[in-house]
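These protein sequences, in sequence, are chains R and S.
With the first letter of the first sequence counted as 1, position 307 gets the number 307 in the working numbering; the numbers rise by one all the way through.
With the first letter of the second sequence counted as 1, position 104 gets the number 104 in the working numbering; the numbers rise by one all the way through.
Hints are supplied without guarantee of correctness; some may be wrong.
Copies of the same chain are indistinguishable here, so a pair counts whether it falls within one copy or spans any two.
[To be verified] Simulated pairs of lysine to aspartate or glutamate, EDC-like, Cα-Cα distance not exceeding 20 Å:
1. 250 to 20
2. 105 to 27
3. 250 to 15
4. 123 to 319
5. 262 to 15
6. 24 to 325
7. 188 to 20
8. 188 to 266
9. 306 to 266
10. 188 to 225
11. 24 to 193
12. 213 to 187
13. 24 to 261
14. 24 to 112
15. 123 to 279
16. 24 to 109
17. 257 to 113
18. 188 to 300
19. 124 to 325
20. 257 to 12
Hints were generated in silico from the structure; no laboratory data involved.
There are 2 protein chains.
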Amino acid sequence: MFDNKDKTEINELGEFGLIEYLTKAVELTQSTTLKGIGDDAAVLDFSNKKTLISTDLLLEGIHFDLRYVPLKHLGYKAVQVNLSDIYAMNGKASQITFSIGLSSKFPLEAVEEIYEGALIACKKYEVDLIGGDTSASAQGLVISVTSIGYGEADAIAYRSGAKEGDLLCVSGDLGGAYVGLQLLEREKQIFLENPQIQPDLEGKDYIVERQLKPEARKDLIQLFETYGIQPHAMIDVSDGLASEILHICKASQVGCKLYEDKIPIDPMTYDTAREFGLDPTVCALNGGEDYELLFTVPQDAYDKVKNQLDITIIGYITEEAAGCEMISKSGNVHPITAQGWNAFKK
Amino acid sequence: MFDNKDKTEINELGEFGLIEYLTKAVELTQSTTLKGIGDDAAVLDFSNKKTLISTDLLLEGIHFDLRYVPLKHLGYKAVQVNLSDIYAMNGKASQITFSIGLSSKFPLEAVEEIYEGALIACKKYEVDLIGGDTSASAQGLVISVTSIGYGEADAIAYRSGAKEGDLLCVSGDLGGAYVGLQLLEREKQIFLENPQIQPDLEGKDYIVERQLKPEARKDLIQLFETYGIQPHAMIDVSDGLASEILHICKASQVGCKLYEDKIPIDPMTYDTAREFGLDPTVCALNGGEDYELLFTVPQDAYDKVKNQLDITIIGYITEEAAGCEMISKSGNVHPITAQGWNAFKK
């Protein structure tokens, strides 16, 4: 991270100085960006395409714990979490704004790390940083990201488009980010009780990375385009599979059958959940922060999705009256209930 | 404001419940909004116009003091401050996202007041609330607003468009918001020292309102359209006239002459500044938060602007080498320096 010996106090620079300093590395690469940072508003040109907008707030002590989240990862994750919402519309993410509120404990070098992480994400995902706001914060670190993208009217996938008979599909695997968080929390407790003991995360890279450095599924949107797959409905898995399924079913006025044995769970997620005495399925259903895409496709897309290594068919859409149910591994039927992450829970 | 007896705790509702509750009054009125709240991203249609985006962060203890800012005013102001950036591009504001981070001390009724203020602003300015994020905050109140608008490519006014010989103009009057803040701060101190004494703001409505309930200058953008005025360069006055003039001159690579005796200052602002032992001109130059529009027009627009009651010609644009100077009332020449508001100042 950073060494306090080398720290530069932000108030030496002032707001405009800070913005100039932080944004000197910003390059505009997107043809849709006419004007980025440096005016009252950014100017974008999506010609005849539809504009997509999504925004997220990330607050210290609620969404992240600076005791184990490296600042560069935090900047990276803040961008990913937001881009994920644009991809979840089957859109192309093209710009973000990045706002930050900084308590005085942050030296310039710390803020730079956050920005560096954000810019790495922008570069990798081919997105322009076009604006934001920079302020002192009387309390903790505040990050607010707005992501902007575009899509053709008939390609945009809403939550409300699922139809009876659709296949219910998910990308990647689930529960890893949640189990990774449990691991980080445990090591934090051990460290707080005995600072001599270094965190033991060996061999747990995958789930730690799922928590600290998630990747939005831009690749899936490209895959849809390549294979001519048009999702009927789509949502990103930020609050847990159960919650997202219910969102789609409610918005689409349909029901669904979910097969527990089809839910994709990585072996490391499975084993570590067991270590913690947790049910891996519950971690996938209610864990959240996986940023995979949950979507439905018509049955005639079956051949196109079944051979994609990174897509799993986990169930199907039914009529609304049939409800939202999970068929367990033992064959029992359970109603799906959302116990996803709630920022307001005490 | 609200009575703690009637308070409802937010965690009883949960995040989705809270969003549903707060947004039940949201109506979509703009033809450019295809989808508002309720999906991963909002979907907008600006056909072949350019998209404008701006974002601001408002943090408790930095940008507002809840001891004298009514919550409804806060919601209203948060929206105005942001819309102002779209108008400053000579654009039409059409949507906002409104995100809020709430400490547990806030009951539902308090959050409702903030939203109510925001929605009043949306309705008055014909802007749709299309999304946002709602979270608990471990510290103070956090508000983040992103405003979205559109404009024709050749109508958009950048900071960089000022030309030598242009007239330098400003709408409304300046310094009022700053002097209003001094008044509110003084009454707060008196109240803190002796809670029996009620704030004495009688006869000071105008400047108190300038601080607590600013109005973005949508009307000016409409006036430009009606009279066929195309500003060469424009910026909104959020950090003080001096700072904004320097922004335009730097971005446009020009200099300017500003006449102190032309700076529009309301009599109440003038008298109250004097009461506080402040120079009214300094309040206008460095005070900030007036949310008026500063712009330049070519000389041939002189006839069009000179008869507008709400526009004052305060100077003109020179070549860059001549620098940015103010001619004082006594005829002395001073370089213009920015001492605008700095959130990082200790």
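Hints, one by one, checked against the model:
In this homomeric assembly, residue 250 and residue 20 come within 20 Å of each other (Cα to Cα) only across copies, at 14 Å, whereas the closest approach inside a single copy is 46 Å. For the homomeric pair residue 105 and residue 27, neither the shortest alpha-carbon distance inside one copy (29 Å) nor that between copies (42 Å) is at most 20 Å. Within a single copy, residue 250 and residue 15 get their C-alpha atoms only as close as 45 Å, which misses the 20 Å cut-off; across copies the closest is 17 Å, which meets it. For the homomeric pair residue 123 and residue 319, neither the shortest alpha-carbon distance inside one copy (43 Å) nor that between copies (38 Å) is at most 20 Å.
For the homomeric pair residue 262 and residue 15, neither the shortest alpha-carbon distance inside one copy (51 Å) nor that between copies (29 Å) is at most 20 Å. In the homo-oligomer, the alpha carbons of residue 24 and residue 325 never lie at most 20 Å apart, since the shortest distance is 52 Å inside one protomer and 29 Å across protomers. For the identical chains of this complex, residue 188 and residue 20 are neighbours neither inside a copy (36 Å) nor across copies (36 Å), given an alpha-carbon limit of 20 Å. Taking identical chains as interchangeable, the C-alpha atoms of residue 188 and residue 266 are never at most 20 Å apart, the minima being 24 Å within one chain and 58 Å between chains.
Only within a single protomer do residue 306 and residue 266 lie at most 20 Å apart by alpha-carbon distance; the minimum there is 19 Å, versus 71 Å between protomers. In this assembly of identical chains, the alpha carbons of residue 188 and residue 225 never lie at most 20 Å apart, being 43 Å within a copy and 60 Å across copies at closest. In the homo-oligomer, the alpha carbons of residue 24 and residue 193 never lie at most 20 Å apart, since the shortest distance is 42 Å inside one protomer and 47 Å across protomers. For a Cα distance limit of 20 Å, the shortest separation of residue 213 from residue 187 inside one copy, 18 Å, qualifies, whereas the shortest one across copies, 49 Å, does not.
For the homomeric pair residue 24 and residue 261, neither the shortest alpha-carbon distance inside one copy (50 Å) nor that between copies (39 Å) is at most 20 Å. Taking CA atoms no more than 20 Å apart as the test, residue 24 paired with residue 112 passes inside one copy only; the shortest distance there is 11 Å, against 40 Å between copies. Taking identical chains as interchangeable, the C-alpha atoms of residue 123 and residue 279 are never at most 20 Å apart, the minima being 37 Å within one chain and 49 Å between chains. For the identical chains of this complex, residue 24 and residue 109 are intra-copy neighbours only, at 14 Å inside a copy versus 43 Å across copies, given an alpha-carbon limit of 20 Å.
In this assembly of identical chains, the alpha carbons of residue 257 and residue 113 never lie at most 20 Å apart, being 45 Å within a copy and 41 Å across copies at closest. In this assembly of identical chains, the alpha carbons of residue 188 and residue 300 never lie at most 20 Å apart, being 49 Å within a copy and 68 Å across copies at closest. Taking the shortest alpha-carbon separations for residue 124 and residue 325, neither the intra-copy value of 38 Å nor the inter-copy value of 45 Å comes in at or below 20 Å. For a Cα distance limit of 20 Å, the shortest separation of residue 257 from residue 12 qualifies neither inside one copy, at 59 Å, nor across copies, at 30 Å.
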